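Enquirer: Chains A and B, in that order, are what the protein sequence lines are. Mapping to the numbering used here: the first sequence position 78 is 78, numbers consecutive. Mapping to the numbering used here: the second sequence position 102 is 102, numbers consecutive.
Just so you know, these hints were derived from the structure itself, not from any lab. Every value quoted in this text rests on a predicted model; they were computed, and no experiment measured them. Heads up, a few of these hints could be off.
As the list claims (entries may be wrong) - Examples of chain B residues toward chain A, derived with CB under 10 angstroms:
(1) V5
(2) E19
(3) S28
(4) G39
(5) N42
(6) C54
(7) N57
(8) S71
(9) V82
(10) T91
(11) Y93
(12) V99
(13) Y100
(14) L108
(15) A109
To be verified - Derived coverage of chain B by chain A (criterion: at least 3 residues anywhere in the stretch with Cβ under 8 angstroms from a Cβ of chain A; other residues may be distant):
(16) 9–18
(17) 72–81
Ideal Cβ positions, reconstructed from N, Cα and C, are used throughout, including at glycine.
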Amino acid sequence: MHFTRRNALATGACALMLAGLPMRLSAAVEEKIAAFTGGAAVGEGDIRLTAPEIAENGNTVPIEVASDTAVSIMVLAMGNPTPGVAEFNFGALAGSRYASTRIRLAGTQDVVAIARLEDGSFVQASSTVKVTIGGCGG
Amino acid sequence: MAENVRPRVRVPKTAAAGEVVTIKTLISHNMESGQRKDGDGNSIPRSIINRFTCDFNGQNVIDVKMEPAISTNPYFEFEALVPEAGEFTFTWYDDDGSVYEDTQPITLA
Chain A
1 MHFTRRNALA TGACALMLAG LPMRLSAAVE EKIAAFTGGA AVGEGDIRLT APEIAENGNT
61 VPIEVASDTA VSIMVLAMGN PTPGVAEFNF GALAGSRYAS TRIRLAGTQD VVAIARLEDG
121 SFVQASSTVK VTIGGCGG
Chain B
1 MAENVRPRVR VPKTAAAGEV VTIKTLISHN MESGQRKDGD GNSIPRSIIN RFTCDFNGQN
61 VIDVKMEPAI STNPYFEFEA LVPEAGEFTF TWYDDDGSVY EDTQPITLA
């Protein structure tokens, strides 16, 4: 196919985006995680995070968190001006360790859910959400 | 007190003893994140609901700590265990000190 200007622009933009993906955790995020886990190691396991692959509107992105034995689940948006999103604490009469809500995402980023399980261990799951229109008032 | 804040909850009217029911809650609230700027370029201060709890007959079902990243008109869906007939109490705590409450009874099927 012809390598049109449109194609060149698209490839260029994609390359830039890939290059710009921040791989390091920012200090704010690390602090929040440390406060929640008390510095304990976070592994993988009993935590499921459901988020759309592409969010049309960053102002309202539906997400779900679910677990079998979590006591508390913290959700972070790694690319928002402030990373904290919510912390779900399940009480004695919680029917299941499941919660669903809608959140704001400033742009394409990773959403991370960290759960504190009944046995005191921590597990996490993350999901990358592409956002077409940012949702933090920008 | 934030204006026009109205809670809306959906709880089944009846349940069998020991059944798990799905509860959906919505409250109309701007959830001003503190990130927006007004026409003059000044930041609009943060003003959000920072906590939501659901209790049943005095026992806690869920306690959610909320931050500005929760969307306007916060929506939560979760599940509760219903051991007996009683009343669900939903409470939202606003940054400005206001507390919004709603209750829903549930009877045994």
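Enquirer: Evaluate each hint against the coordinates.
Expert: To see whether the hints hold, each was checked on the structure:
Hint status for V5 (chain B): violated, given a least beta-carbon distance of 17 angstroms to chain A, over 10 angstroms. Annotation: E19 (chain B) was flagged as interfacial toward chain A, and the flag holds, the nearest CB pair being 8 angstroms apart, inside 10 angstroms. Given the 10 angstroms rule on beta carbons, the hint for S28 (chain B) is violated: about 13 angstroms separates it from the nearest Cβ of chain A. For G39 (chain B), the interface hint is violated, the least distance from its beta-carbon to any beta-carbon of chain A being 13 angstroms, above 10 angstroms.
Interface restraint check: N42 (chain B) against chain A, minimum CB-CB distance 13 angstroms, threshold 10 angstroms, status violated. A hinted interface residue such as C54 (chain B) counts as satisfied when its beta carbon comes closer than 10 angstroms to some beta carbon of chain A; here the least separation is about 8 angstroms, so the hint holds. The beta carbon of N57 (chain B) comes within 8 angstroms of a beta carbon in chain A, closer than 10 angstroms, and the hint placing it at the interface holds. With 10 angstroms as the threshold, the beta carbon of S71 (chain B) comes within range of chain A, its nearest partner Cβ sitting at about 4 angstroms, so the hint holds.
Annotation: V82 (chain B) was flagged as interfacial toward chain A, and the flag holds, the nearest CB pair being 8 angstroms apart, inside 10 angstroms. Because the closest C-beta pair between T91 (chain B) and chain A is about 13 angstroms apart, greater than 10 angstroms, the hint is violated. Hint status for Y93 (chain B) relative to chain A: violated, with the closest Cβ pair at about 14 angstroms, above 10 angstroms. At its closest, the beta carbon of V99 (chain B) sits 18 angstroms from a beta carbon of chain A; the interface hint therefore is violated under the 10 angstroms criterion.
Because the beta carbon of Y100 (chain B) sits about 17 angstroms from the nearest beta carbon in chain A, more than 10 angstroms, this interface hint is broken. Restraint check, L108 (chain B) versus chain A: the minimum CB separation of about 15 angstroms is more than 10 angstroms; hint violated. A distance limit of 10 angstroms between C-beta atoms decides the matter here; for A109 (chain B) the minimum to chain A is near 16 angstroms, and the interface restraint is violated. A count of 0 residues in the region 9–18 of chain B with a Cβ less than 8 angstroms from any Cβ of chain A is obtained; the coverage claim is therefore unmet, three being the minimum.
Counting residues of the region 72–81 of chain B whose CB lies closer than 8 angstroms to any CB of chain A gives 9, which reaches the minimum of 3, so the coverage claim holds.
Figure legend: structure checked against the earlier numbered hints; hints not met, in rising order: 1, 3, 4, 5, 10, 11, 12, 13, 14, 15, 16.
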